[in-house]
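> Respectively, the protein sequence lines represent chains A and B. Numbered by the working numbering, the letters in the first sequence go through residues 9 to 155 in order. Numbered by the working numbering, the letters in the second sequence go through residues 469 to 582 in order.
In short, the hints are calculated from the structure, not lab data. Since the structure is predicted, the reported quantities are computational estimates derived from the model, not experimental observations. Some hints here could point you the wrong way.
One-sided excerpt, in silico: chain B residues whose CB lies under 7 angstroms from chain A [claimed, not checked]:
hint: 1; residue: 473
hint: 2; residue: 491
hint: 3; residue: 492
hint: 4; residue: 493
hint: 5; residue: 503
hint: 6; residue: 504
hint: 7; residue: 527
hint: 8; residue: 552
hint: 9; residue: 554
hint: 10; residue: 562
Glycine residues also receive a C-beta, built at the ideal position from the N, C-alpha and C atoms.
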Amino acid sequence: MDNEAKLEFKSLAANVAFARVTVAAFASQLEFTLNDLEEIKVAVSEAVANAIIHGYENRSDGVVTITMTAGNGALEVKVSDSGKGIANVKKALEPSYSTDPERMGLGFVFMQSFMDTLHVESAPGKGTTVTMSKAAVTPGVKEPIEH
Amino acid sequence: MDLELELEYRQGALFVRPHGEVDLSVADRFRETLEENLAKNSVSHLVFNLNRVSFIDSSGLGVILGRYKKLAQQGGRVSLVGAQPQVRRILALSGLLTVMPEYSSEEEAIARVG
């Protein structure tokens, strides 16, 4: 049966660590390796940082929502903001695309590399939702338990 | 969140030893502290000792890359030391390891670079 949890917090940088640790704790009910959990933490950190920096342009009065679902041996994480949105999602997903020279344009690269799927939905003026998923074990790979 | 950061300046080399998690919450403070120290010392070699960094994301990497760009323009060098496996993977994936050398210890970084 699917398990689901929802997290809502203010768009404060201090909440980035809270978000990634919470999602990793939720994910640990699945059979992820420690390495997988580290990768999930990086992906969540990037998605939440994007929401704060780009979605809310560093304003602290925004709300970031994370919905986590665990089911069929996989984790799905949705990170949503109601910020300014991304005008050109395709361009934003290109490696090294960044609106800030101090940032590396690696946020989406890490999300893509560390999760199995990444989907970005955005509407200018309305906000952005990043949906990522990762399977804990590849179906069919695990040996059946012998009795 | 506070960043625990140890800095040591010795003969043209600035050793930077951050502790804990380097993400968006500490990136500004990290950048400002480095800028202050780079401004008041004559630094030709910046050594990031990442031995005690348990987590880093692109916000933290951006601070390292930003200082690298600045120092490289002035003919300086930047070295990375002692990254834990999970941090090292991020450094590798970001491409930072292709532009800055990595050493196992601060002593090795100094012996190789000066």
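> Is the interface hint satisfied for residue 504 of chain B? The criterion is a beta-carbon contact with chain A at less than 7 angstroms.
The hint is violated - residue 504 of chain B has no Cβ within 7 angstroms of chain A, the shortest such distance being about 16 angstroms.
> Just to be careful: measuring from the Cβ of residue 492 of chain B to every Cβ in chain A, is the smallest value less than 7 angstroms?
This interface hint holds because 4 angstroms falls under the 7 angstroms limit.
> Under 7 angstroms, Cβ to Cβ, is where residue 554 of chain B needs to be relative to chain A, so tell me if that hint holds or is violated.
Given a least distance of 5 angstroms, the restraint on residue 554 of chain B holds.
> Closer than 7 angstroms between Cβ atoms is the bar; does residue 473 of chain B clear it against chain A? Give me holds or violated.
Violated, because the Cβ-Cβ distance from residue 473 of chain B to chain A comes to roughly 17 angstroms (cut-off 7 angstroms).
> Quick one, is the residue 491 of chain B hint okay against chain A at 7 angstroms, beta carbons?
Since chain A brings a Cβ to about 5 angstroms from residue 491 of chain B, closer than 7 angstroms, the hint holds.
> Given residue 562 of chain B as an interface hint, is its Cβ closer than 7 angstroms to any Cβ of chain A?
Since the shortest Cβ distance to chain A is 6 angstroms, the answer is holds.
> Does the CB of residue 503 of chain B sit less than 7 angstroms away from some CB of chain A?
11 angstroms, violated
> Checking hints one by one. Is residue 552 of chain B an interface residue toward chain A, by the C-beta closer than 7 angstroms rule?
10 angstroms, violated
> Just to be careful: measuring from the Cβ of residue 527 of chain B to every Cβ in chain A, is the smallest value less than 7 angstroms?
6 angstroms, holds
> When the nearest CB of chain A is found for residue 493 of chain B, is that gap smaller than 7 angstroms?
4 angstroms, holds
In terms of the numbered hints stated before, the structure departs from hints 1, 5, 6, 8, listed from lowest to highest.
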